Amino acid sequence: MTKGELLINLAGVRKSFRAPDRSDRVVLEGVNFRLEEGEIVALLGKSGSGKSTLLRIIAGLIKPNGGDVLYRGKTINGPAYGISMVFQSFALFPWLTVQQNVELGLEAMAVPAPERERRALDVIDLIGLGGFESAFPRELSGGMRQRVGFARALVMRPDVLLMDEPFSALDVLTAETLRNDLLELWLERTIPTKGILFVSHNIEEAVTMADRILIFSSDPGRVKAEIPVNLPHPRDTESAAFKQIVDEVYATMTQQPTRAIGAAPEPLSLGYRLPEASPYKIEGMLETLVEPPLNGKADLPQLAEILELPDETLFHLLEAGRLFNFIKVEHGDVSLLPSGLAYVEANAAQRKEIFAEHLLNHISLASHIRRILDERRDHRAPEDRFLQELEDYLTDDEAERVLEQVIAWGRYAEIFDYDYTSGVLSLPEEDEEKSETPPAPSETAAAE
Amino acid sequence: MRPSIIPATISFAPEIRPNAWDLVALPLVLAVLWLLAFGGAQMTTPYNIGDALPLSLDPSHLPYYLLRSGMRMGAGMICSLLFTLVYATLAAKSRYAEKILIPILDVLQSIPILGFLSITVTGFIALFPGNLLGVECAAIFAIFTSQAWNMTFSFYQSLRTVPFDLQEAADMFHLSPWQRFWRLELPFAMPPLIWNMMMSVSGGWFFVVASEAITVSGQQILLPGIGSYISLAISNKNLAAIGWAILTMLVGIILYDQLLFRPLVAWADKFKFETTPGEEIPTSRLLTVLQRSRLMGYLGGVPRLLWNWSLPLLRRRDDNLGRPPARRREFGWVDKAWNTLLALVAAYALIRVAEFVKTEVPLDEVWRVFLMALATATRVLVLIVVASVIWVPIGVWIGLRPRWAQTVQPIAQFMAAFPANLMFPVAVILILKYHLSVEIWTSPLMILGTQWYILFNVIAGASAIPTDFKDAGGNFGLKGWLKWKRLILPAIFSSYVTGAITASGGSWNASIVSELVSWGNDTLTATGIGSYIADATAKGDFPRIALGICVMCLFVMLFNRQLWRRLYRLAEERWRID
Numbered sequence: 001m002t003k004g005e006l007l008i009n010l011a012g013v014r015k016s017f018r019a020p021d022r023s024d025r026v027v028l029e030g031v032n033f034r035l036e037e038g039e040i041v042a043l044l045g046k047s048g049s050g051k052s053t054l055l056r057i058i059a060g061l062i063k064p065n066g067g068d069v070l071y072r073g074k075t076i077n078g079p080a081y082g083i084s085m086v087f088q089s090f091a092l093f094p095w096l097t098v099q100q101n102v103e104l105g106l107e108a109m110a111v112p113a114p115e116r117e118r119r120a121l122d123v124i125d126l127i128g129l130g131g132f133e134s135a136f137p138r139e140l141s142g143g144m145r146q147r148v149g150f151a152r153a154l155v156m157r158p159d160v161l162l163m164d165e166p167f168s169a170l171d172v173l174t175a176e177t178l179r180n181d182l183l184e185l186w187l188e189r190t191i192p193t194k195g196i197l198f199v200s201h202n203i204e205e206a207v208t209m210a211d212r213i214l215i216f217s218s219d220p221g222r223v224k225a226e227i228p229v230n231l232p233h234p235r236d237t238e239s240a241a242f243k244q245i246v247d248e249v250y251a252t253m254t255q256q257p258t259r260a261i262g263a264a265p266e267p268l269s270l271g272y273r274l275p276e277a278s279p280y281k282i283e284g285m286l287e288t289l290v291e292p293p294l295n296g297k298a299d300l301p302q303l304a305e306i307l308e309l310p311d312e313t314l315f316h317l318l319e320a321g322r323l324f325n326f327i328k329v330e331h332g333d334v335s336l337l338p339s340g341l342a343y344v345e346a347n348a349a350q351r352k353e354i355f356a357e358h359l360l361n362h363i364s365l366a367s368h369i370r371r372i373l374d375e376r377r378d379h380r381a382p383e384d385r386f387l388q389e390l391e392d393y394l395t396d397d398e399a400e401r402v403l404e405q406v407i408a409w410g411r412y413a414e415i416f417d418y419d420y421t422s423g424v425l426s427l428p429e430e431d432e433e434k435s436e437t438p439p440a441p442s443e444t445a446a447a448e
Numbered sequence: 001m002r003p004s005i006i007p008a009t010i011s012f013a014p015e016i017r018p019n020a021w022d023l024v025a026l027p028l029v030l031a032v033l034w035l036l037a038f039g040g041a042q043m044t045t046p047y048n049i050g051d052a053l054p055l056s057l058d059p060s061h062l063p064y065y066l067l068r069s070g071m072r073m074g075a076g077m078i079c080s081l082l083f084t085l086v087y088a089t090l091a092a093k094s095r096y097a098e099k100i101l102i103p104i105l106d107v108l109q110s111i112p113i114l115g116f117l118s119i120t121v122t123g124f125i126a127l128f129p130g131n132l133l134g135v136e137c138a139a140i141f142a143i144f145t146s147q148a149w150n151m152t153f154s155f156y157q158s159l160r161t162v163p164f165d166l167q168e169a170a171d172m173f174h175l176s177p178w179q180r181f182w183r184l185e186l187p188f189a190m191p192p193l194i195w196n197m198m199m200s201v202s203g204g205w206f207f208v209v210a211s212e213a214i215t216v217s218g219q220q221i222l223l224p225g226i227g228s229y230i231s232l233a234i235s236n237k238n239l240a241a242i243g244w245a246i247l248t249m250l251v252g253i254i255l256y257d258q259l260l261f262r263p264l265v266a267w268a269d270k271f272k273f274e275t276t277p278g279e280e281i282p283t284s285r286l287l288t289v290l291q292r293s294r295l296m297g298y299l300g301g302v303p304r305l306l307w308n309w310s311l312p313l314l315r316r317r318d319d320n321l322g323r324p325p326a327r328r329r330e331f332g333w334v335d336k337a338w339n340t341l342l343a344l345v346a347a348y349a350l351i352r353v354a355e356f357v358k359t360e361v362p363l364d365e366v367w368r369v370f371l372m373a374l375a376t377a378t379r380v381l382v383l384i385v386v387a388s389v390i391w392v393p394i395g396v397w398i399g400l401r402p403r404w405a406q407t408v409q410p411i412a413q414f415m416a417a418f419p420a421n422l423m424f425p426v427a428v429i430l431i432l433k434y435h436l437s438v439e440i441w442t443s444p445l446m447i448l449g450t451q452w453y454i455l456f457n458v459i460a461g462a463s464a465i466p467t468d469f470k471d472a473g474g475n476f477g478l479k480g481w482l483k484w485k486r487l488i489l490p491a492i493f494s495s496y497v498t499g500a501i502t503a504s505g506g507s508w509n510a511s512i513v514s515e516l517v518s519w520g521n522d523t524l525t526a527t528g529i530g531s532y533i534a535d536a537t538a539k540g541d542f543p544r545i546a547l548g549i550c551v552m553c554l555f556v557m558l559f560n561r562q563l564w565r566r567l568y569r570l571a572e573e574r575w576r577i578d
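Read top to bottom, the protein sequences are chains A and B.
So the first sequence is residues 1 to 448, counted in the working numbering.
So the second sequence is residues 1 to 578, counted in the working numbering.
Okay, chain B solo, but in the shape it has when bound (with noise of 0.2 Å):
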């Protein structure tokens, strides 16, 4: 097929004349465009601290609070996917930065967001003075938070596992740095980043309904949305209202997934580096109809025309011939001042936190928010080691049966996307009802969320084990404990690792919002390092949040160290199966 060299105008012509996909795309297309106009231009409505926002327990209005917490989920989405790729590049790329932007990306991904929350939003507020973007923008930096610094690992890991032969081929074909990053490092890194921005989104929504009632000052402020409605809920002890919420957060979250999920995951298949044959193609209706229609494939052309009219600007211009560029000399001494001077920034910065911790916290109570995180610590543990009991065997049952791991798996993905917090309300009516402990029982609340992790990853794994070893395994007769022992249990090792380290970071964070809960006028607290820092927060008490938040992020950095990294090295060398 030989392109036409006939004028442009005259050749495009009849691709410009809509097609029958058209009628689909064109209305579909246009009722997001005009939602989203109107969601973000009630974002930006005039506001000042104190000012009463309406909101309503009527169930009409829910539509509209999904609107404005999607869109809310979309911003963060959008942040975290532009701070994914300055970040990870920055860090990849150059040697200094990787040495500072790492480590610190480590101690940002334990460091518990909610409590965070009480201190960024007084900053936004000032930024957007006499308008409600102030408070937008903490909430969506809550979001955000919540969703960057996996992402940002994700594509810093790809951009450093670039293949090898590829990278030669890109430097022998002389594609600038700029074209390397279209053509051949964002394309490798696209599914496992897609992989990443899903699980986010899955656990952003937690977060979502978590940061639209922010208190600053000791005013208590409730952006429209999903969220706040839950609060206001529970404050007048509405159980309906409550029933409405689930119903249309359950909505909110298939309309991510087919609208936005889909046709991503549907797309990115084409940048999977190798393909397993036998493996489903995954499928999107949405895509097959954008991909069809005319309108949009003219829409398509923006980006390449864009792409042709950068390579010109951006291309490199040297031949590499005759006189031999001026070689960077490198000195030692440079690499060790860098690290001097980071550690000088880091000694300091401790110090400042612990001179400002010191002026209101007496040393006792630091040493008892050690012992409190050593109580979450602990329930933590034991909620990892119930969930497995119950999810492992029930996981493992599942995924060895193709057409039930078909149907349960979406649903447990589902499960784990859909916000724990909308289910507190029943838990402490509970509670409240039969007189139970709250030190254990509000413990269960942790895991709620997060234990799905488990679930459908083990699942995924046991599904994935061989058929000739299960034949082989039937054929020497293995069974019951022998069976677990030598096949399956070594089978799922890896992807129940990757559940449970998900599960237990996602239980950490949670416990600041479950081990205080509260309907109407009853407030439960449970001893626990996420219970002192909910309670500073709500008292505005910034020593005491950041020893808290200092306390909790050594402990996550510690689990993750001592525990999770070394079961995964297990899991990657020895447990592999290939």
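Bound conformation, chain A alone (with noise of 0.2 Å):
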């Protein structure tokens, strides 16, 4: 398709939201992006980069704190008509038919009945719904939900169509269907759609779709690279040319602000937002990279692929064995450090004192949490605490999810105990005695 008019214009957009504690916290920040007629684009980053967000602006459903947010060169005060969403969750109305569900939007425009009755079976068939207009939405499969999501949307016939994750919540084949239908409406014309903006965790799937991508850095959001993809629909996923814009992909989204070679990394703040991986995960990603074929270094796309995970756990993992000092990520590529390897070849105990070492140098809301609870005399100190001095740096439930995530990690190096009832930390037992026995090997305490 041609490029044409501007569809969407954001400029300088910024947003944050009202802490308790009356600071801001800055979700995006300078945010530039346009969208014109006949383009698909694709949001990706990691989660927190506020794209949703950025969906969710144009969308009109949250209101930007600055910037202008113009959709045809009108501002968006909110909800536009001309502008439709498909949603993760599907957000269909449970007690509504497939059919209700689609002429909901139509009904507020006070479509009359018959047409809205036409319309609606129209876009049914389009959508390959034929047959279940009287179901409801708990008869149908992940998929079929999706696709009534899907009709919902077009029935209102957008100029532009906004999906938020729209294919994260189904298996793969599914997936993969529904995505093909998409583009194949949008290639053909049979939609009245002039442009497409998604958010999407599946790098392969940007890339399959869009002829554009953008990658978000978090802490704030901003737009940290573009990546425009100029090959012909439709797409071949094993060709050079589409692997190796999923390298660059990959490649750009791991990049780490530049830093001296060789410099120890810095120490992180306390609000870092800490991935979540699981200490057994992160074991296990660690293990595969020393096994053949990998033998110590892999290239992302291939790691992905060997370990079976979704990108957005791929790159918590990643990003923990980063920060722990275990590996490294350059360029796309991923290689194993010496401590990472003497990881891998330690036995069961000796790998928790590992972890329990590096956890303690690396994280340092770990030290920081240790340190408190070594300095009281009861060896005891309630999640609140600790809870709120994250809370100055991150949202309540992000500070509560990073506290939860760390406890994890604490748990399992053995550095201190958490009581889930009480919601107080501890020294665990054996270091408060101060006895000499090194930390048995434990299923106890671990979060997966």
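The reader is advised that the hints may include incorrect statements.
Claimed, not checked - Derived DSBU-like pairs (lysine-lysine); straight-line CA-CA distance at most 35 Å:
1. B/K336 <-> B/K358
2. A/K63 <-> B/K470
3. B/K336 <-> B/K93
4. A/K243 <-> A/K297
5. A/K243 <-> A/K224
6. B/K470 <-> B/K485
7. B/K433 <-> B/K272
8. B/K336 <-> A/K63
9. A/K281 <-> B/K470
10. A/K281 <-> A/K328
11. A/K328 <-> A/K63
12. B/K470 <-> B/K270
13. B/K433 <-> B/K237
14. A/K74 <-> B/K93
15. B/K272 <-> B/K99
Source of the hints: derived by calculation from the structure; they are not laboratory data.
Every value quoted in this text rests on a predicted model; they were computed, and no experiment measured them.
Starting from two chains that each stand alone, build the complex the way the hints lay out.
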């Protein structure tokens, strides 16, 4: 498709949320973005990079704190006619039939009943749900539910279609079929939609569909890079050109801010968004890296394929491995560091010791908690104390998640204990008694 | 299936022809309509205070009395529903309204309804002079106050917890507030609302019975109904008549269940947000008949017509583009002023009540009332403990045996609906006959009707213990006390607390009728806040009624805050199976 008029134009968009202590937490900063007629754009980035927020700002569901948000030259003040959205969770009304769900937006526009019905049935047929008009969502499989989600958006004849991870709740095969069906409608211009913007967690999906990929960095979210995909549809995922772009995206996404080679990793701030990575998964990844065929070094798409993990999970593991100084990620390649190798070669008890040592050395939140517990006479501290500290940097939910993560690591490493009922952190009993026995390998206190 | 574009008149013709289901549905619906019209006409007959309403102990009149009582119940239900929809919506939508409406609701639901009756009836009679409708309204109001609060709370909670993604979808597709209410909020709130309606009706029968015999300025008015029949039977010491009344009440409860709630629950199943696999889908034969009947289907088109007609009128017109709407500025001081105003009004009301009470009641009596409330509180606590000791093991035993549970569960729910005050005369006869202590032996009456909530909640909790938990327990040889401590008690704790809260709340209310009971000319009085209020009500002593109500209200709220809410939170956080 040839590019044309400007559909969406964002200039210097800023979004922050008010924290309980009345300070602002910036989610998006200085975001510029243009969506032109005839293009599909994908937004990629770590969770928390604000890409969903950006989508919702364009949808009119969230108001930005600053900057211009224009649709065909007019400021967007709320959900506008002409812009429609598909949700990750489908967001269907379970008590309405497929047809009633699809008619929802038409009802709101007060389209007369006969026309409403005709348009809804046409779209239902188009999206391949013919025969299911009177079914309730609960009778349908995930893939079919998302088809209803698409029908509900498309029946509005949207100019711009927004999609928030539309395929991520579906299994691989279903997602691919639905993706291809949508692409077909788009390429053959069966639908009047002029531009599509979607958020994705799946790099291959983004490269398959999009004409342009925007990669977001976090804290605060901004556009870090833009990668054009100039491949004709349908795209061959096995072709060299395709693989090269996938590589490039992986490399960009794992790229670190430059620092002197050989220098020790900078100490993390307390409020660093620790990645979601269970110790067991980190262990699994390191073992896979050591074993053939990787033998200590891998290309990211290759590692993703062997581990069979979604991109998002993989990025979290990689970041954890990097933070712990077990691995190095550079130019889209990952390689094992000596300490990572030592970890894999150790026995179960030694692994815990190594893990504990790296946790205390590299994750400042963990060493902070441990120090406080050591200093206190009863070696106990309520979790709220640390939550409050974290809330200076993070939203409440995020602070809770980060604390949960460091507790999971700390329990695994046996550097501190946590009691769920009372919400109290304490030193493990052996440490408290100052006994010399090394921590025994045990399956307790491990969070998967 | 494409709709035909043939003109409506032709396409409707075959649909309007009755089918076999109509043969059942039509007479049924007509009969119900006729009964409602007949009963309604009887409610609005001329009446002046002092007129004697004909009331007979002949059992052949009982079906008519049941109709009258049933209609009062229905009217109370409809009022409660309307109140719920308006009040809860207001509270959920407006921050300012919320600040005042929710605390008021919290107080209202702790107020002993029965003590209230004598105050409201005067107003209603003045509203419809010379007509029976005033007294009817007072009775209906009493029933309403027993039903509305929990429904309102449930609806408010639901409105506050509408899933976020559905709210976003509603915004995205430009739903107007009107469309949002009917398409999103009401459907989402429907299952808990209907459950609470059932609980309300179940508790409401007690108040139907208690509210039909009203004392106004020393005159007793007996509205035709089951409750009045009972009080007449009590003053005539007619045991056979009491038996007949109990039987009629059973029929009434069954009819309500079959004709109203079963169809309603079966219909509301589609509103359930999530379905757990393996859960039994509720069915109702009546609903099936109505749904398959053609004429009913035709009638069902009327709401759809109204809906389509309402859409263009109440649509959103803003396309949200272009010039931003003038943003409403928010001032911190508006909030503060509002809070101060509310606090002032509350303080003023409190002072006025205190002044009103002070005109009649000496200070040492106030202290005595507090002691009386303490006596009633002790009764409630002891009774809850006793009922728990009895019913928890039995409930668990039944709940762990699915076949038993299926039989016993409806019976327990039925017992909870059965108005326990019908059984009071029996207790009085026994106490008189064996010269038992009034202070102790009238107490069980308080919990007679409410203990079943403990039983059926425990049954529900025990039967919901996942099979793999039970298997794991068996596998590790978990037995005896350890099994109770590690598996059963934690698993049923949250449903037990729910049951105990209901039982405790009901017992406070019941104390007003159970601490002061009579049979013919014999009246038994137990020391407590309930008998204090009942006594003041009989004498029409408003300052004492006000004092009694306030003190009881205070105690109930303290109980809820200090005990039940904490236990509930504990149950929610710690012992949750998910």
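Hints, verified against the model:
Annotation: proposed proximity of B/K336 to B/K358 holds, straight-line Cα distance about 33 Å (limit 35 Å). Of the pairs offered as hints, the one joining A/K63 and B/K470 is violated, with about 51 Å between alpha carbons and a cut-off of 35 Å exceeded. At most 35 Å may separate the alpha-carbon atoms for a hinted pair to count; B/K336 and B/K93 meet this at roughly 19 Å. Distance hint between A/K243 and A/K297 is fulfilled; the C-alpha atoms sit about 18 Å from each other, no more than 35 Å.
Distance check on the hinted pair: A/K243 and A/K224 sit about 21 Å apart at the alpha-carbon level, within 35 Å; holds. Using a Cα cut-off of 35 Å, the hinted pair B/K470 and B/K485 holds, with the two alpha carbons roughly 13 Å apart. Distance check on the hinted pair: B/K433 and B/K272 sit about 53 Å apart at the alpha-carbon level, beyond 35 Å; violated. With a C-alpha separation of about 26 Å, the suggested pairing of B/K336 with A/K63 holds against the 35 Å cut-off.
Distance restraint check for A/K281 and B/K470: the Cα-Cα separation of roughly 31 Å lies within the 35 Å cut-off, and the hinted pair is therefore satisfied. For the given pair, A/K281 sits about 17 Å from A/K328 by alpha-carbon distance, which is consistent with the 35 Å threshold. A C-alpha spacing of about 39 Å is found between A/K328 and A/K63, which places the hinted pair above 35 Å, so the restraint is violated. About 31 Å separates the Cα atoms of B/K470 and B/K270, which keeps this hinted pair within 35 Å; it holds.
About 14 Å separates the Cα atoms of B/K433 and B/K237, which keeps this hinted pair within 35 Å; it holds. In summary, the hint linking A/K74 to B/K93 is supported, as the alpha carbons are separated by about 30 Å, within the 35 Å threshold. Taking the CA atoms of B/K272 and B/K99, the gap is about 30 Å. The hint holds against a cut of 35 Å.
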